[in-house]
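A.B. asks: Model the full assembly from the supplied sequences, consistent with the hints where possible.
Residue numbers (my numbering), protein chains in the order written: chain Z, 1 to 212; chain G, 1 to 212; chain V, 1 to 338; chain D, 1 to 338.
Incorrect hints may appear among the rest.
Here are the in silico distance ranges between beta carbons for each label pair [claimed, not checked]:
id, chain 1, residue 1, chain 2, residue 2, range
1, G, 22, D, 243, 44 to 54 Å
2, D, 336, V, 127, 53 to 63 Å
3, V, 133, D, 49, 51 to 61 Å
4, V, 150, D, 37, 37 to 47 Å
Here chain V is said to cover these stretches of chain D; the calculated rule only asks that three of the stretch's residues, wherever they fall, bring their Cβ under 8 Å from a Cβ of chain V [what the hints assert, rightly or not]:
id, segment
5, 22-28
6, 94-100
7, 139-150
8, 231-241
So the derived list for chain D, only partly shown, Cβ under 7 Å to chain V, looks like this [as the list claims (entries may be wrong)]:
id, residue
9, 10
10, 306
11, 325
To be clear, the hints were calculated from the coordinates, so they are not data collected in a lab. All C-beta atoms, glycine included, are put in the ideal place defined by N, C-alpha and C.
Each chain, written out:
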Amino acid sequence: MTQSLTQAQLVAWLGAFRDAVHEHRAHLTELDAAIGDADHGTNLTRGMDAVMALVDSDDVPDTAASLLKAVGMKLVSTVGGASGPLYGTFFLRAAAAAGDAETLDAEAVLGMLRAGVEGLASRGKASVGDKTMVDALAPAVQALADAVGRGDGLPAGLRAAAVAAAEGREATTPLEARKGRASYLGERSTGHTDPGAASATMLVEALADAVA
Amino acid sequence: MTQSLTQAQLVAWLGAFRDAVHEHRAHLTELDAAIGDADHGTNLTRGMDAVMALVDSDDVPDTAASLLKAVGMKLVSTVGGASGPLYGTFFLRAAAAAGDAETLDAEAVLGMLRAGVEGLASRGKASVGDKTMVDALAPAVQALADAVGRGDGLPAGLRAAAVAAAEGREATTPLEARKGRASYLGERSTGHTDPGAASATMLVEALADAVA
Amino acid sequence: MLREPVVKKLINDPADVLAESLRGVEAAHPELRVDHEHRIVYRARAKSDGKVALISGGGSGHEPLHGGFVGPGMLDAACAGEVFTSPTPDQMVEATTVVDRGAGVLHIVKNYTGDVMNFEMAGEMAAADGGVDVRTVVTRDDVAVEDSTYTAGRRGVGVTVLLEKIVGAAAEEGQDLDAVESLAQRVSDGGRSMGIALTSCTVPSAGRPTFDLPEDEIEVGVGIHGEPGRHREALTGASEIARQLVDPVLADHDFTTGPTIALLNGMGGTPLIELYLMYGEVTRLLASAGVEVARCLVGNYITSLDMAGASLTLLAADEEMVRLWDAPVSTPGLRWGA
Amino acid sequence: MLREPVVKKLINDPADVLAESLRGVEAAHPELRVDHEHRIVYRARAKSDGKVALISGGGSGHEPLHGGFVGPGMLDAACAGEVFTSPTPDQMVEATTVVDRGAGVLHIVKNYTGDVMNFEMAGEMAAADGGVDVRTVVTRDDVAVEDSTYTAGRRGVGVTVLLEKIVGAAAEEGQDLDAVESLAQRVSDGGRSMGIALTSCTVPSAGRPTFDLPEDEIEVGVGIHGEPGRHREALTGASEIARQLVDPVLADHDFTTGPTIALLNGMGGTPLIELYLMYGEVTRLLASAGVEVARCLVGNYITSLDMAGASLTLLAADEEMVRLWDAPVSTPGLRWGA
Ligand SMILES: Nc1ncnc2c1ncn2[C@@H]1O[C@H](COP(=O)(O)OP(=O)(O)O)[C@@H](O)[C@H]1O
Ligand SMILES: Nc1ncnc2c1ncn2[C@@H]1O[C@H](COP(=O)(O)OP(=O)(O)O)[C@@H](O)[C@H]1O
Ligand SMILES: [Mg+2]
Ligand SMILES: [Mg+2]
Ligand SMILES: [Mg+2]
Ligand SMILES: [Mg+2]
Numbered sequence: 001m002t003q004s005l006t007q008a009q010l011v012a013w014l015g016a017f018r019d020a021v022h023e024h025r026a027h028l029t030e031l032d033a034a035i036g037d038a039d040h041g042t043n044l045t046r047g048m049d050a051v052m053a054l055v056d057s058d059d060v061p062d063t064a065a066s067l068l069k070a071v072g073m074k075l076v077s078t079v080g081g082a083s084g085p086l087y088g089t090f091f092l093r094a095a096a097a098a099g100d101a102e103t104l105d106a107e108a109v110l111g112m113l114r115a116g117v118e119g120l121a122s123r124g125k126a127s128v129g130d131k132t133m134v135d136a137l138a139p140a141v142q143a144l145a146d147a148v149g150r151g152d153g154l155p156a157g158l159r160a161a162a163v164a165a166a167e168g169r170e171a172t173t174p175l176e177a178r179k180g181r182a183s184y185l186g187e188r189s190t191g192h193t194d195p196g197a198a199s200a201t202m203l204v205e206a207l208a209d210a211v212a
Numbered sequence: 001m002t003q004s005l006t007q008a009q010l011v012a013w014l015g016a017f018r019d020a021v022h023e024h025r026a027h028l029t030e031l032d033a034a035i036g037d038a039d040h041g042t043n044l045t046r047g048m049d050a051v052m053a054l055v056d057s058d059d060v061p062d063t064a065a066s067l068l069k070a071v072g073m074k075l076v077s078t079v080g081g082a083s084g085p086l087y088g089t090f091f092l093r094a095a096a097a098a099g100d101a102e103t104l105d106a107e108a109v110l111g112m113l114r115a116g117v118e119g120l121a122s123r124g125k126a127s128v129g130d131k132t133m134v135d136a137l138a139p140a141v142q143a144l145a146d147a148v149g150r151g152d153g154l155p156a157g158l159r160a161a162a163v164a165a166a167e168g169r170e171a172t173t174p175l176e177a178r179k180g181r182a183s184y185l186g187e188r189s190t191g192h193t194d195p196g197a198a199s200a201t202m203l204v205e206a207l208a209d210a211v212a
Numbered sequence: 001m002l003r004e005p006v007v008k009k010l011i012n013d014p015a016d017v018l019a020e021s022l023r024g025v026e027a028a029h030p031e032l033r034v035d036h037e038h039r040i041v042y043r044a045r046a047k048s049d050g051k052v053a054l055i056s057g058g059g060s061g062h063e064p065l066h067g068g069f070v071g072p073g074m075l076d077a078a079c080a081g082e083v084f085t086s087p088t089p090d091q092m093v094e095a096t097t098v099v100d101r102g103a104g105v106l107h108i109v110k111n112y113t114g115d116v117m118n119f120e121m122a123g124e125m126a127a128a129d130g131g132v133d134v135r136t137v138v139t140r141d142d143v144a145v146e147d148s149t150y151t152a153g154r155r156g157v158g159v160t161v162l163l164e165k166i167v168g169a170a171a172e173e174g175q176d177l178d179a180v181e182s183l184a185q186r187v188s189d190g191g192r193s194m195g196i197a198l199t200s201c202t203v204p205s206a207g208r209p210t211f212d213l214p215e216d217e218i219e220v221g222v223g224i225h226g227e228p229g230r231h232r233e234a235l236t237g238a239s240e241i242a243r244q245l246v247d248p249v250l251a252d253h254d255f256t257t258g259p260t261i262a263l264l265n266g267m268g269g270t271p272l273i274e275l276y277l278m279y280g281e282v283t284r285l286l287a288s289a290g291v292e293v294a295r296c297l298v299g300n301y302i303t304s305l306d307m308a309g310a311s312l313t314l315l316a317a318d319e320e321m322v323r324l325w326d327a328p329v330s331t332p333g334l335r336w337g338a
Numbered sequence: 001m002l003r004e005p006v007v008k009k010l011i012n013d014p015a016d017v018l019a020e021s022l023r024g025v026e027a028a029h030p031e032l033r034v035d036h037e038h039r040i041v042y043r044a045r046a047k048s049d050g051k052v053a054l055i056s057g058g059g060s061g062h063e064p065l066h067g068g069f070v071g072p073g074m075l076d077a078a079c080a081g082e083v084f085t086s087p088t089p090d091q092m093v094e095a096t097t098v099v100d101r102g103a104g105v106l107h108i109v110k111n112y113t114g115d116v117m118n119f120e121m122a123g124e125m126a127a128a129d130g131g132v133d134v135r136t137v138v139t140r141d142d143v144a145v146e147d148s149t150y151t152a153g154r155r156g157v158g159v160t161v162l163l164e165k166i167v168g169a170a171a172e173e174g175q176d177l178d179a180v181e182s183l184a185q186r187v188s189d190g191g192r193s194m195g196i197a198l199t200s201c202t203v204p205s206a207g208r209p210t211f212d213l214p215e216d217e218i219e220v221g222v223g224i225h226g227e228p229g230r231h232r233e234a235l236t237g238a239s240e241i242a243r244q245l246v247d248p249v250l251a252d253h254d255f256t257t258g259p260t261i262a263l264l265n266g267m268g269g270t271p272l273i274e275l276y277l278m279y280g281e282v283t284r285l286l287a288s289a290g291v292e293v294a295r296c297l298v299g300n301y302i303t304s305l306d307m308a309g310a311s312l313t314l315l316a317a318d319e320e321m322v323r324l325w326d327a328p329v330s331t332p333g334l335r336w337g338a
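C.D. replies: Okay, structure coming up:
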């Protein structure tokens, strides 16, 4: 299978993520109310609305790298809070990894996502188990890598990544947070799903949907 | 019937009023919450506790006039709000009317209460129908005057006064207030009993009980 | 040590709120002196001889009013009553005697039956004692209340803050008692206020909210004692609520003939971010009505415990009032130029 | 015009709260200048050349922090984020460029992941652009949070106010960037805070209280974003609550070796009468622990929207800090000597 990610699919990804954020806005904010400050849904809605205004405009960047970079910049400059720099860094690093590749085959997509997630994790100084979005994103990258290693192709690989992200998200529930606002709660942070892990899962699912 | 009010009965009156205020403190405050500022029960409790501390002390004044004057001064200096100067003036004027009379017969008691109520009404510039304590006190004085005119004697006269006070209190309910805080509510003050009329009724009832 | 009944406030026994709060005022402000027996807040350093002194007072629960406005350029003393209860005449007599510097004393009274009667009795007592020349100004700026000779008349609210500042400056610069009194009356006459509440407040000794208000309604025309307003209306956006504050104030007095001093006041439970937002809405309406705001205050200045809500006060000022407004003031609640 | 969903606040659309509130700030304060595009509050009259500039910023909803602390003797600019959401790097880069007078810029950052990362990115961007020498101080004074290298560490809360005042005075008197930076670090190191909440707050866009708290419980160890605290305890009297503030602060740092600056801060929904009462309780405990409070503030300085509650901040100061504390300051939120 030598499928590759098209510019239209990238745009569809962003649109699907925006839609998911809209649909689950209240839920994300509720998760954040429990162990944070009740704004995660609002933050991402504001950011993805700004991103889509850019994507839907006439001068939408026409290469993967330039589009992803513009998305990252837009998120950094509109979201604020923790998730702004984190998702912003994800897209900026993904953009850098995409470079001037003409086509984004499974390998390239993997490289892009891995760079994005590594950038995000190092921006947040977070590791798996800290109860953050990294807990959803790192397993997703790993699942995609495994799939690519098996030669499964992009749609199947991304589907596996989405499943892994959701599992990672669920796994945050029992954890005591070590990073972000939830860490201030100490033991009281256990028993709640991390809002960032929830939104990150939507990001991976949106990508899987876009290339399905 | 030539009964007269003893110093012990005066003290019993004050004690009975204090007890009534204590018992109905929450109710008085509730009435005040509806059309005022939710402190009438608290104000009178504070004042009557101070009065009884004075009355129960060793150097309780031993004439009617000096006792009533001390009570008036104490209320003025501890109650504050509207009811402090009003009840304070009531006792100060009653004291002046009592003068150095050796025995307080029905006529003297009537003169005392009338002076007290007139003083209170002129302090508050209030007339019957303004929805204030005057609405309970003025009819009480009138009932006592009628009884004294009929030669009914003090216990019966004060009982009649208490009944008239209670009727006056009930009559405040439909009124629109023209004086005090309740007047700020305009039409919304109707349908609520005036807290001061309620406490004033207790004052008259306490006196009737003390000479019964 | 659990408290009974439970009132969700930072207090001990509800009966001790005022006394204990004054301990904190004393600890926080070495520039003030607190007479705990009489519950009077004084300047630590009294005014110099020959200057008119200003006293105000009223129920507590309106902080920073009045104790927070004691200091150079504003009040000489403030008498504190129990929460929402006027102080008593003996407090006022004591304060009057202490602050008089031989030039007389102005009593600043908000028009509430209790305050008026207690200050009246204090005036009678002070006059009987002889000596101090006491004048009184009664503020009555609340346009929510219909005025009439048969009723208690309008409440005194926000203009009291502006009056204490402006007249305090006049006294500080040495104006005599007649001048101070007539200035105070002019300020009082030129002020109009209107308030709304989003929630009731809870009087500590009562233990629960004075009134209940559905989630989608506001009280319009409230005073500063948690009393209900003139009527209820549906909760709307800030721009509409601003109109409910501005319109009745402008309808009652002409503010287009000179400089206006504005106070957008919080009731105690409303955060500053909302007050500023409201002020933005208010100034827009004032501008389109041709009102020129020369000076303004936005914040919690005359409050109603923890009530959420806001009031607007406009003062039709003149150049002299604006000059006195700008004069130095140094109190816990207002401070500039010093 | 009814609002949907109904949030009982003086606002219009929850999405517009910050933008509209800044309109009010602009209208109320001619001494400030507001850049609405970037949501930055500046002094109307910039500092003179050769002086270090101070920038702070953070989520909104903590007013007067930070915009209310812009002015002579304190900040040069404040970047406002959405409610409880850190501002973005481009705001900070813009502010940094504008306020730099050639002597460098100090970024004052409260230790929250979002704030730290956004300021970090701003620093990287400013450095990439070249030119401005940017230093950063991160406050982390909240003793409710256990410190550890594996976690996000302690939150920055009340000491930020004291730092902005003290370091602002140092910059104003012309201390250079190295001196300003090291002073800022010393102030940050010497500050400890602890907070409790009686109620949650309501984030406008969320529309309902962030957490529910039974009538007879309080949250102990809260920050300033309406996040729940470390644990809940039964509601007790103010004297016991004062202990819950004082004890952990004193346990974490020695405040008996020099002068202490104290801040008894309200969370936004607590009336001043309660804050003063609490301060009375707090000073009693401090005195018996041998802590000498040289200066203090009591009031709403770093708030959490409409939350009812209070926090205590103590700063182990030195003579120099006390001197700088006393230096003139002229901002909407703090003003003296000017
Ligand atoms: N240091 C970190 N590293 C990685 N992710 C983090 C970190 N801190 C917070 N997050 C993520 O950010 C989410 C919160 O985002 P958001 O609510 O938008 O920002 P804020 O916490 O500033 O309000 C958390 O649920 C978590 O997944
Ligand atoms: N002008 C007045 N004349 C007579 N009685 C009055 C007047 N104003 C108020 N009152 C009485 O005082 C009562 C309220 O007393 P209280 O609640 O103790 O004082 P405040 O209104 O100052 O809080 C009213 O219910 C009314 O009966
Ligand atoms: Mg959040
Ligand atoms: Mg009352
Ligand atoms: Mg009262
Ligand atoms: Mg946030």
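A.B. asks: Determine for every hint whether it applies to the structure shown.
C.D. replies: The hints, checked one at a time:
| no. | hint | in the structure |
| --- | --- | --- |
| 1 | G:22 x D:243: 44 to 54 Å | violated, 33 Å |
| 2 | D:336 x V:127: 53 to 63 Å | violated, 39 Å |
| 3 | V:133 x D:49: 51 to 61 Å | holds, 56 Å |
| 4 | V:150 x D:37: 37 to 47 Å | violated, 57 Å |
| 5 | 22-28 | holds (count 7) |
| 6 | 94-100 | violated (count 0) |
| 7 | 139-150 | violated (count 0) |
| 8 | 231-241 | holds (count 8) |
| 9 | 10 | holds, 4 Å |
| 10 | 306 | holds, 5 Å |
| 11 | 325 | violated, 14 Å |
In this structure, the earlier hints numbered 1, 2, 4, 6, 7 and 11 are contradicted, and the remaining ones agree with it.
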